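Asks: In case you want the letters, here they are:
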Amino acid sequence: MKALTQKRRHPFAFVALLLLGLLLTGGLYAAATTVNEAQASNLPEGYTSEQVEEGERLFVANCATCHGMNAEGTDAGPSLVGVGAASVDFQVGTGRMPMQMQGPQAQQKPPQFNEEQTAQLAAYVASLGTGPAVPEDEYLDVDQGDPSRGGELFRINCAMCHNAAGAGGALTEGKFAPSLHGVEERHIYEAMTTGPQNMPVFNDANIPPEDKRDIIAFLKTYENQGTPGGFSLGFLGPVSEGLLIWTLGLALLIGSMVWLTSRSS
Amino acid sequence: MSAADKNYTEAQYLEADQYQPRTRTGRIANYVDQRVGGTGIVREFGRKVFPDHWSFMFGEVALYSFIIVVLSGAFLTFWFDPSMATTRYSGSYAPLQGVDMSTAYATALELSFDVRGGLFMRQLHHWGALLFILAMSVHMLRVFFTGAFRKPRELNWVVGCALLILGLGAGFTGYSLPDEVLSGNGLRIIDGMMKAIPVVGTYLSFFLFGGEFPGDEVIPRLYTLHIFIIPGMILILIAIHLFMVVVHKHTQYPGPGRTERNVVGYPVGPVYAAKAGGFFFIVLGILCLISGTFQINALWNYGPYDPSPVQAGAQPDWYIGPFEGVLRLMPGWLGPIPLEFVIPTPWGGNSVATPVLVPMIPIAVMFLGMFIWPWIEAWITGDKKEHHLLDRPRNAPTRTAVGAATVTFYCIMWGMGSNDLIATHFQLSLNDITYWSRVLIFVGPVIAYILTKRICLALQRKDREIALHGHEAGIIEVSPDGGFHERHKLPSEYELWTLVSYEAPAPSGPRPNAKGKVTRVEKFRAALNRMFFEDRVEPVSRQEYLEALEHNGHHDGATGLEAAQSQEQITAGHSGRH
Ligand code: HEM
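Protein chains in written order, with this note's numbering: chain A, 1 to 265; chain B, 1 to 578.
Worth flagging that the hints you see were computed from the coordinates, not collected in a lab. Predicted model, so just to flag it, every value in this text is computed and none were measured. We put the CB at the ideal spot given by N, CA and C, even for glycine. Careful, some of the hints might be misleading.
As the list claims (entries may be wrong) - Derived lysine to any residue pairs resembling SDA-like cross-links, with alpha carbons at most 20 Å apart: (1) A:175 - B:384; (2) A:109 - B:430; (3) A:175 - B:98; (4) B:195 - B:342; (5) A:220 - B:99; (6) A:109 - B:426; (7) A:220 - B:92; (8) A:175 - B:426; (9) A:175 - B:436; (10) A:175 - B:435; (11) B:384 - B:306; (12) A:175 - B:434; (13) A:175 - B:92; (14) A:109 - B:427; (15) A:175 - B:431; (16) A:220 - A:144; (17) A:175 - B:427; (18) A:175 - B:428; (19) A:220 - B:98; (20) A:175 - B:430.
Unchecked claim - Rough simulated footprint, nothing fancy, chain A against chain B, three-plus residues with beta-carbon under 8 Å: (21) 95-106; (22) 127-134; (23) 272-282; (24) 292-300.
Taking the hints into account, I'd like the entire structure generated from these sequences.
Replies: This is the structure:
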């Protein structure tokens with residue numbers, strides 16, 4: 001340790017360091033590009049070549065009209081190079097893709113592909129360039145998560161769009177953040193890593209995988225606890241409460257008033 | 001009706017006073033009564049007559065829900081601690097365990113999850129509060145649209161308006177107590193509004209919050225307001241309000257035997273009192289049913305207050321909705337021009353947040369107009385008479401139209417308070433809703449005014465038609481000479497009363513003052529007067545009625561005569577009843 005600090009003071013030490021730095025970055029860059037190329041032509045991790053081939057076939061048949069023959073993007077849909085398997089798994093798994101019609105936001109509908117086909121599509125898109133992968137099961141295990149910490153993270157990062165109870169909310173010009181009730185753990189995780197449409201990306205630097213698991217644990221605990229106070233009225237807070245008192249409440253009242261006064265004469 | 005007519009002689013009262021109880025309970029009751037004077041009170045109030053119409057019962061609902069809110073609120077105070085000191089939550093609600101929060105929030109959670117019946121009581125208190133203000137509002141609309149605020153009841157109308165405002169205050173302070181993100185957002189808006197007031201705004205805010213927002217003073221202060229000062233004031237005003245109702249006696253809708261000088265209905269005791277007691281339990285039952293089945297203010301969702309996060313769907317309770325809505329409606333920029341500007345001052349400049357201040361103007365005008373409407377209307381119409389018979393809304397077309405326009409104005413602001421939920425639930429664009437509402441807020445009330453007035457006049461014409469020629473019976477008759485005509489059924493006597501007994505004065509024109517000069521103010525008044533009365537449908541007169549009878553070939557309609565005359569009695573003028 002001491003020797004090293006002394007050497008650093010040496011006039012040549014600076015030059016040596018500079019050279020070393022340049023070498024390292026250059027080497028890393030080369031390594032990275034080759035890895036990338038290897039991935040582009042080779043297999044993404046965790047998928048077989050049959051899956052990629054099958055995925056390509058499915059893609060050309062179902063997606064290429066909008067996303068282009070090589071997923072390079074067209075006027076009708078963005079490029080999918082580098083969006084990663086997670087994005088495909090989310091978009092296809094929640095039934096958003098293939099998109100049915102143009103609108104402010106891709107609408108959800110029952111998924112059109114089964115698990116196997118979704119994985120094939122994901123494999124194909126992942127083979128085009130690196131991107132977020134489908135999360136590991138470890139990070140989806142809500143039993144390992146901490147719901148109250150997740151709750152805090154959720155209120156700080158997500159509730160402004162998705163509502164404190166995850167009931168969803170409006171964004172501008174017809175766009176909206178959907179309700180999170182009943183969304184699968186995997187899709188919650190993938191939504192965070194890929195940031196579909198108007199949702200921001202929460203990468204691992206923003207919210208590390210363990211914290212993502214806490215958020216999922218919070219959402220699942222919340223979903224499973226039921227509503228302690230009775231019917232939730234859509235988790236929409238004071239507006240639906242006001243509506244209830246002005247409809248059901250007022251109707252019951254007027255009903256009883258008319259009944260009471262009609263009894264008299 | 002019979003009970004009202006029953007008169008007790010003085011001898012009967014004396015007999016009651018000499019009453020010798022036989023049972024033990026009777027003796028105790030009599031002992032207490034002779035000292036408290038219960039009989040006298042019951043005699044005085046018990047003989048007050050309360051007419052029967054369901055629309056007269058909203059005031060009672062307001063009273064009963066207030067009582068329910070006070071009782072359930074008292075329950076909450078046993079556990080709720082309005083302190084802003086930080087604690088770590090360790091109650092039984094798992095998703096918040098270990099989270100730092102204020103004691104106020106922690107005890108509100110304790111009430112919800114760890115106190116037996118606490119959640120139900122919280123919900124009862126909150127649903128009760130919503131119903132309290134709803135009942136007051138509907139009661140007020142009833143009073144307005146039937147003209148019950150006219151002389152001699154103007155002051156009681158003002159007391160009612162003050163009660164409404166206090167109700168809003170009670171609700172808002174209560175909503176702010178649990179100190180979660182939703183209520184904190186509400187306080188933040190109040191803070192913003194205060195700070196928007198030029199020059200003194202910041203001082204006001206610091207004064208309320210005891211320093212920079214949120215500070216640690218505001219919840220205890222709101223608590224004092226919420227459980228002591230505001231309910232106390234409400235209680236006093238309710239007492240004054242009810243006292244005045246007794247003094248003025250109740251108004252009634254026109255009908256046979258109902259004049260400006262009497263009240264037809266049931267005496268308060270015993271029939272009415274029994275019914276009222278029963279009605280209290282009906283209101284309580286409805287509230288308990290709702291509180292037991294529907295969740296309200298699920299404050300565990302929102303998390304402890306922290307000024308940074310805002311949540312989608314953050315809204316105030318319904319009665320504050322229009323205030324929120326008008327803020328959402330107001331643009332911050334007009335095209336490229338910002339509406340906020342800075343007044344240069346020696347100490348650096350004072351920002352004037354017009355987008356926050358301007359929206360308060362229509363609200364203020366609306367509430368001020370509400371307070372002084374009885375005088376505005378009396379001034380325009382020049383009507384100085386006492387009124388104990390109510391108007392059917394159609395028979396005062398201009399007032400009804402003004403009311404409808406105001407309600408429309410209110411509802412547009414109210415709707416805007418939930419523009420985000422309208423957008424998601426009706427699949428509309430939030431921006432479009434906002435732009436359209438900015439137009440609608442000006443156009444809507446005008447359309448409502450015109451439409452309502454036309455509808456009222458049309459209904460009056462229909463009434464006239466029915467009074468003179470009867471209902472269309474739906475039976476077509478062929479006369480011997482081959483003509484077709486529809487048979488008409490004459491209205492019953494009771495119906496005829498409601499159809500013809502109202503007044504519709506013609507515009508009176510400007511009057512010179514004592515010096516014989518027509519002032520400019522008087523001209524303005526006359527113009528408003530013309531607007532009020534220009535379009536009118538003449539009520540059926542006795543003469544017309546007789547002619548119509550003749551024409552219809554009926555000669556047995558003499559019972560209707562009295563009804564047809566009632567209108568003349570009303571218009572002929574009268575002075576109070578005793
Ligand atoms: C005058 C009419 C009143 C209205 C309109 C009203 C309204 C409210 C509202 C809307 C809340 C929020 C409740 C929640 O969801 O947690 C609240 C809280 C509360 N109110 Fe009232 N209140 C009234 C009178 C009272 C009175 C007379 C008391 C006490 C004697 C009281 C005691 C409380 C307490 C202790 C809380 C906080 C408890 C909690 O949030 O769980 N209130 N009130």
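Asks: All the hints need checking, so say for each whether the structure fits it.
Replies: Status of the hints after comparison with the structure:
1. A:175 - B:384: Roughly 58 Å between the alpha carbons, so the hint for residue 175 of chain A and residue 384 of chain B is violated.
2. A:109 - B:430: Between residue 109 of chain A and residue 430 of chain B the Cα gap is close to 23 Å, so the pair fails against 20 Å, i.e. violated.
3. A:175 - B:98: Distance ~36 Å between residue 175 of chain A and residue 98 of chain B Cα, so the pair is violated.
4. B:195 - B:342: Roughly 14 Å separates the two Cα atoms, so the pair holds.
5. A:220 - B:99: Roughly 18 Å between the alpha carbons, so the hint for residue 220 of chain A and residue 99 of chain B holds.
6. A:109 - B:426: With a Cα-Cα distance of about 18 Å, the restraint between residue 109 of chain A and residue 426 of chain B holds, given a limit of 20 Å.
7. A:220 - B:92: holds (17 Å)
8. A:175 - B:426: Judged against 20 Å, a Cα distance of about 12 Å means the pair holds.
9. A:175 - B:436: holds (18 Å)
10. A:175 - B:435: Roughly 16 Å between the alpha carbons, so the hint for residue 175 of chain A and residue 435 of chain B holds.
11. B:384 - B:306: violated (57 Å)
12. A:175 - B:434: Holds - the C-alpha atoms of residue 434 of chain B and residue 175 of chain A are around 15 Å apart, at most 20 Å.
13. A:175 - B:92: violated (37 Å)
14. A:109 - B:427: holds (16 Å)
15. A:175 - B:431: Holds, at roughly 10 Å.
16. A:220 - A:144: With a Cα-Cα distance of about 12 Å, the restraint between residue 220 of chain A and residue 144 of chain A holds, given a limit of 20 Å.
17. A:175 - B:427: holds (9 Å)
18. A:175 - B:428: The given pair, whose Cα atoms are some 9 Å apart, holds under the 20 Å limit.
19. A:220 - B:98: holds (18 Å)
20. A:175 - B:430: holds (9 Å)
21. 95-106: Result for this restraint: holds, n = 5.
22. 127-134: Contact hint for the segment 127-134 of chain B vs chain A: holds, 4 residues under 8 Å.
23. 272-282: Per the Cβ count (4), the hint holds.
24. 292-300: holds (count 8)
Hint check: violations occur at hints 1, 2, 3, 11 and 13; the rest are consistent with the structure.
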